[in-house]
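Chemist: First to last, the sequence lines map onto chains A and B.
The first sequence begins at 57 in this note's numbering and counts up one residue at a time.
The second sequence begins at -12 in this note's numbering and counts up one residue at a time.
There's no promise every hint is true.
Claimed, not checked - Just a few of them, taken from the derived set where beta-carbon distance is under 8 Å, the chain A residues facing chain B:
1) Leu120
2) Glu121
3) Lys122
4) Gln124
5) Ser127
6) Arg146
What the hints assert, rightly or not - Below 27 Å or equal to it, Euclidean Cα-Cα: the simulated DSSO-like pairs (lysine-lysine) are:
7) A/Lys202 / A/Lys140
8) A/Lys226 / B/Lys317
9) B/Lys317 / A/Lys140
10) B/Lys253 / A/Lys202
11) A/Lys189 / A/Lys122
Unchecked claim - Here chain B is said to cover these stretches of chain A; the calculated rule only asks that three of the stretch's residues, wherever they fall, bring their Cβ under 8 Å from a Cβ of chain B:
12) 168 to 181
13) 246 to 252
14) 293 to 302
Hints listed in this document are in silico derivations from the structure and should not be mistaken for laboratory results.
For each residue, glycine too, the CB sits at the ideal point set by N, CA and C.
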Amino acid sequence: MSASLARADAGGGAAIRFAGVHKWYGSFHVLRNINLTVGAGERIVVCGPSGSGKSTLIRCVNRLEKHQRGSVVVDGVELTDDIKRIDEVRREVGMVFQNFNLFPHLTILENCTLAPIWVRKMPRRDAEELARKLLSRVRILDQAHKYPGQLSGGQQQRAAIARALCMSPKIMLFDEPTSSLDPEMVKEVLDTMTELAQEGMTMIVVTHEMGFARQVADRVVFMDMGEIVEVNAPSPFFDHPRHERTKLFLSQILH
Amino acid sequence: MDSLAYVREAPEAEDAAPMLSSGVLAWARANLFSSIGSSLVTIGCIALIAYWLPQLVAWATTRAIWSATNGALCRQHQDGACWAFVIAKWDYLRFGSYPVAERWRVDLVEAVGALLIGWLLWTNAPRRAWGALLFFIAYPILALVLLRGSSLLGLPIVDTLLWGGIFVSLLTAVVGIVFSLPLGVLLALGRRSPLPVVRMASVLFIEFVRGVPFITILFMANNLAPLFLPEAWAPDRLLRPLAGIVIFSAAYMAEEIRGGLQSLGKGQYEGALALGLNYPLMTALVILPQALTLVIPGIVNNFIGLFMDTTLVSVVGITDFLQAMNNAIKDPIWAGPTIMVTGYVFAGIFYFCFCFGMARYSAHVERILAKGRK
């Protein structure tokens, strides 16, 4: 297959394409033959029991984890050991972590402008203007000059979302964004994510928030023991799960 | 009658904290006289201070000899310090055997250096980036040209053989500090590098240098290095111990900094990588600022140790301040029972002032950095 064909094959509306992806941690087979195509503008929610490989799956998208077999193509770029391609992908893919991973030595504003200034080579004024715009969109503009440690968990997570958006990513990855928040702060973060979804952002969200999945997702992916067990639109997924393991999982979390 | 259910009807008023826990008397009672034993220790310490302190002050001031041209007066008054000796030897203690006519050059280098360091250390100073540029690029060239001399500018060459005293001590310390910190950072990063060759080289360097006493390093730098280099490259006799001190200090610095690097969570690396920062940007903008801040106390501890270790360069024939003091004490004109004590007390005060200054400054920086961040 020629290079241009490979590119065309990877494109064609697909933002992310996993083909036959395997990964091992030592001898532990954590991802098993993952095949999944995420279309541009599509919202995917990944759920499954802990240790099922959900986080590992989305961390393969920006190469925080390296897969050992198969191919991962993101926005037309296949991920290999080539550091240039990895950087290219990371510039276009934003990520929000369970523990926020804000930089504690920088103010919220500086957290947001760091990558645009140093990676996108944006002039400082423009980067700050962009950051203010996005901080006001996630409703924490008044916290811009505080340090992460002075904010509540929900505010920090919204700041982290704004920081990722400052790179104007085409794809956003969310790795259990509400799992380490106090219950009263979950909603403000989910609302922010819902707004983002409504604007047409391509998103993969690993979460246990089934209400969010039902409301926002185009498709729900259920993983267990490193493999994709079931993929379906939210209503049939929750109302008529087909695989036994999906039924068991849903019965455990939806009391 | 109490029931198990309860609902509040009026809010509880906010009240001031009890006053018993503050004030000088409360502090003294809690910390100095909390028990009979503690009271006895406190009183004992106060008594000792009251007995010793006036004598010490009198020895250093009222009973001391402040001016004399030789040791005769000091030999008569043995119950006080002989500051006249330090005053008479002051030029030698500062410059060693540097030619008298050229000593203005040392003064100039010291003054400019003090100015630039002040600029850099003053945390709110304007344009510190310019100060850093001047200090790290322009100043070393200026210092080298002025101290060593340059036939182009009509400044007579002064061989390093003649350099000595306080200015050599300060020079050694500043060169050691300025070079060992970046080298230590590189070694610490190297030790955590995923590239096996870089990692092995760093580990070997650090473990070798840490496993050898400083004096051995000095002798090796002094005697072995010239054997391995072509004669034309043979480094200057002052440069060799300087290199030794940098190498020695860098190894300890690297371990200190590695501690800081290890205390950062994986999340900081992942947060930076996910934003598209490459390794150099991530290290410079996210990792090092945090890691270095965490280990400021350890780094300053190393600086203080390095400043003390500069006194050891005398074993390879460099006349640092302490060696100059040793030489001065041996002067037969001043021979007397109070000379040695006076000389070493003065040297002690000198080293203490610098080290205490460094310690206080680092505490100040830590307070500034801690502000806002939690």
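Chemist: All hints are to be evaluated individually against the structure, with a verdict given for each.
Modeler: Structure-based check of all given hints:
{"no.": "1", "hint": "Leu120", "in the structure": "6 Å, holds"}
{"no.": "2", "hint": "Glu121", "in the structure": "10 Å, violated"}
{"no.": "3", "hint": "Lys122", "in the structure": "12 Å, violated"}
{"no.": "4", "hint": "Gln124", "in the structure": "17 Å, violated"}
{"no.": "5", "hint": "Ser127", "in the structure": "21 Å, violated"}
{"no.": "6", "hint": "Arg146", "in the structure": "4 Å, holds"}
{"no.": "7", "hint": "A/Lys202 / A/Lys140", "in the structure": "34 Å, violated"}
{"no.": "8", "hint": "A/Lys226 / B/Lys317", "in the structure": "78 Å, violated"}
{"no.": "9", "hint": "B/Lys317 / A/Lys140", "in the structure": "67 Å, violated"}
{"no.": "10", "hint": "B/Lys253 / A/Lys202", "in the structure": "23 Å, holds"}
{"no.": "11", "hint": "A/Lys189 / A/Lys122", "in the structure": "34 Å, violated"}
{"no.": "12", "hint": "168 to 181", "in the structure": "holds (count 4)"}
{"no.": "13", "hint": "246 to 252", "in the structure": "violated (count 0)"}
{"no.": "14", "hint": "293 to 302", "in the structure": "violated (count 0)"}
When the structure is compared with the earlier hints, violations turn up for hints 2, 3, 4, 5, 7, 8, 9, 11, 13 and 14 and for no others.
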